[in-house]
Amino acid sequence: MTSTAGGHGPTASAEGPAPVDPDPAPEGAEFAPEFDEWLDRLGALFEAVRFTCTHRLVDPSLAEQVGVQVVAGMVARPAVFRYFGLPFSGRIAKLAEGLIAVADAGELVSVCGWPELRDRVGGLPAEHRAAFVVTCLRGGDVEELAAVLSCDGAAAEYRHEAMLADLGELVRPGLAPARVERG
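Residue numbering for the sequence shown follows full-length UniProt numbering, starting at 1 and increasing by one per position.
By construction, these hints were calculated from the structure, which means they are not laboratory data.
Careful: at least some of the hints might be erroneous.
No farther apart than 20 Å at their CA atoms in a straight line, the calculated lysine to aspartate or glutamate pairs in the EDC-like style are these [to be verified]:
(1) Lys-94 - Glu-37
(2) Lys-94 - Glu-107
(3) Lys-94 - Asp-104
So the derived label-pair ranges between C-beta atoms look like this [unchecked claim]:
(4) Ala-32 - Glu-169: 18 to 28 Å
(5) Asp-36 - Glu-143: 18 to 28 Å
(6) Gly-123 - Ser-61: 20 to 30 Å
(7) Val-58 - Ala-126: 35 to 45 Å
(8) Glu-144 - His-55: 34 to 44 Å
(9) Asp-166 - Ser-110: 34 to 44 Å
(10) Arg-41 - Ala-165: 16 to 26 Å
(11) Asp-59 - Ala-126: 13 to 23 Å
(12) Asp-152 - Val-58: 53 to 63 Å
(13) Ala-155 - Phe-51: 19 to 29 Å
(14) Glu-30 - Ser-110: 30 to 40 Å
(15) Glu-34 - Asp-104: 34 to 44 Å
(16) Val-109 - Glu-30: 32 to 42 Å
Heads up, the beta-carbon is just placed ideally off N, CA and C, and yes, glycines get one too.
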């Protein structure tokens, strides 16, 4: 084994390949910055909905509940995050208007608060973040996900479906019962 110029670690030589990094980055680590940026945007979405609903509902606690339920409804169908403009705004409006009507009728079901929902969504396991970023944020398909994950299409489809199922479980405490129109 020889060392690199300046003696800063082993390199491949006639004796064999360089050793494997004993502490490789965890799976999905390269997607962490994009995922974290999305979480920040999710927080901004919550704040915008809460602020707007405070003016419509007057009661800040109702406005917070509507904000949480709108965000949870968006995350429950995460493909919407690949869009900008009207499709994205339309989904927000559809969710919010239905929930505002329910709140006005005094029938809004209380769900978890924003800090809990954010922590739960932020807790999406690292192994699901690649599938989330590639398919939900970038709009990639299963073939693109397979290329990123270095696996076949069936494995990529399985990973995508597992991510969607896990994400659905993570947002469940922020969703109202099914009788409330969520879009």
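For each hint, the structure was consulted:
no. : hint                          : verdict
1   : Lys-94 - Glu-37               : violated (25 Å)
2   : Lys-94 - Glu-107              : holds (18 Å)
3   : Lys-94 - Asp-104              : holds (16 Å)
4   : Ala-32 - Glu-169: 18 to 28 Å  : holds (21 Å)
5   : Asp-36 - Glu-143: 18 to 28 Å  : holds (26 Å)
6   : Gly-123 - Ser-61: 20 to 30 Å  : holds (25 Å)
7   : Val-58 - Ala-126: 35 to 45 Å  : holds (42 Å)
8   : Glu-144 - His-55: 34 to 44 Å  : holds (42 Å)
9   : Asp-166 - Ser-110: 34 to 44 Å : violated (24 Å)
10  : Arg-41 - Ala-165: 16 to 26 Å  : holds (23 Å)
11  : Asp-59 - Ala-126: 13 to 23 Å  : violated (38 Å)
12  : Asp-152 - Val-58: 53 to 63 Å  : holds (55 Å)
13  : Ala-155 - Phe-51: 19 to 29 Å  : violated (43 Å)
14  : Glu-30 - Ser-110: 30 to 40 Å  : holds (38 Å)
15  : Glu-34 - Asp-104: 34 to 44 Å  : holds (38 Å)
16  : Val-109 - Glu-30: 32 to 42 Å  : holds (39 Å)
Of the hints listed earlier, those the structure fails to meet are numbers 1, 9, 11 and 13, in rising order.
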